[in-house]
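**Q** Sequence:
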Amino acid sequence: MGRKKAGQERLPIAAQTIVVCHNTSRYLWLHYEQVLRDLAKHYERVICVAPRDGDEHAFEVAGLTYQPIAIQQHGMNPLQEIKFIWDLYWIYKKYDPHVVLNFSIKPCLYGSLAARLSGVKLIGNMVTGLGYVFLTQTPLAKLVRLMVKICYRLVLRKQDLFFFQNPDDASLFKQSGISRSCREVVLPGTGIDTDYFYGEPGVPQKGEARFLYIGRMLKDKGLMEYYLAASSLKKRYPNIKVSLLGPLDENPSAISQDKINQWHDEGVIEYLGETRDVRPYILQSHVFVLPSYREGLPRSGLEAMSMSRPVVTTDAPGCRELVEEGENGYLVDVRDDEQLAVAMEAFITQPERCNTMGAASRKRCCAFFDVAFVSDRILEQLTGQDQKKSDS
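Numbering-wise (the numbering used here), the sequence shown opens with residue 1 and increments by one.
Don't take each hint at face value.
Keeping only pairs whose Cα atoms sit at most 30 Å apart, straight-line, the calculated BS3-like set for lysine-lysine is [claimed, not checked]:
#1 K106 x K158
#2 K241 x K219
#3 K41 x K158
#4 K259 x K363
#5 K106 x K41
Please keep in mind that the hints were generated in silico from the structure rather than gathered at the bench. Bear in mind that the values here come from a model prediction, so they are computed numbers and not experimental data.
Let the sequences and hints guide you as you build the complete structure.
**A** Below you can see the structure in the form of structure tokens.
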């Protein structure tokens, strides 16, 4: 029996346009392809606004309209920030959308401001994680947090939408007064195509488990703790493999190439580089590990779960949602490399757990995190609110 397509029972909203804005073309397409395709069934035009990074051709192949924009990913140059808002304003004026849907902090913040100035009727913001600005306590981060709160309160209205990927982020925004005047919707992450990400559990020989982290090379992802846990375990179990897969980053929390090379040269952690298809690497591993300090709801974890891999992650917002303790993996305290090593060791000494917990991961992912449900929920909120405004 085929999977029910998201939103298939609703009629299109004729002659209306939605603009979707992200800080990267690659991740907009990679994480939200199904959502974009479903939006195209309900709106006359879907305009995808994102920087050129080599993946923008995918939008036009899918029949969507691509609009390039320049964005300063990590810096805070005031002139460039103002130019980004200005460019967004004129994009919205050009396409005259009924709805704007923003992803990631700068498009959410600046996109909301530009949309309000240009007269957009409905603004939706997808909070995919709180990131460096909310996780750190430096004077600059505190100042930026304050600016974010003030700007959101000024530009958002009660009919606008905030999509969150875990309840902790929703509570934090509400307590901070950021989203108190808006409608809040909690989603199970970005959702995952469980047909595309399919795999049987992998069972290692005793003492030969292979552990895999997928994500950016950031301290906030718990990679220092991952390294320390791996160092401890390698002394007792020299045949295990502990790997990193993902891109380097320019974030203030980034781990340098030199540091990663050092770990690699020590024989503690193998760095696999960056890839566009994680599936072969997941199939070659036995356990997915994410010692992050906080997440939205990590797609890499959903990919591993969908491919029947048990998960070791932290008891932190966005991470704890992946694991039912003792069923499909283990939760450890944030920044605790000793607990992390103990949880990883359980799969080294009792490899049969990779089979039972891996199967439980697959079952949990199919039940709660399928992309069809996420896409349908987004469409339900956007099209329902937009139709109400059109009727009023």
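**Q** Against this structure, judge whether each hint is valid.
**A** Hint-by-hint comparison with the structure:
1. K106 x K158: 21 Å, holds
2. K241 x K219: Distance of about 21 Å is within 30 Å: holds.
3. K41 x K158: 27 Å, holds
4. K259 x K363: With a Cα-Cα distance of about 37 Å, the restraint between K259 and K363 is violated, given a limit of 30 Å.
5. K106 x K41: 27 Å, holds
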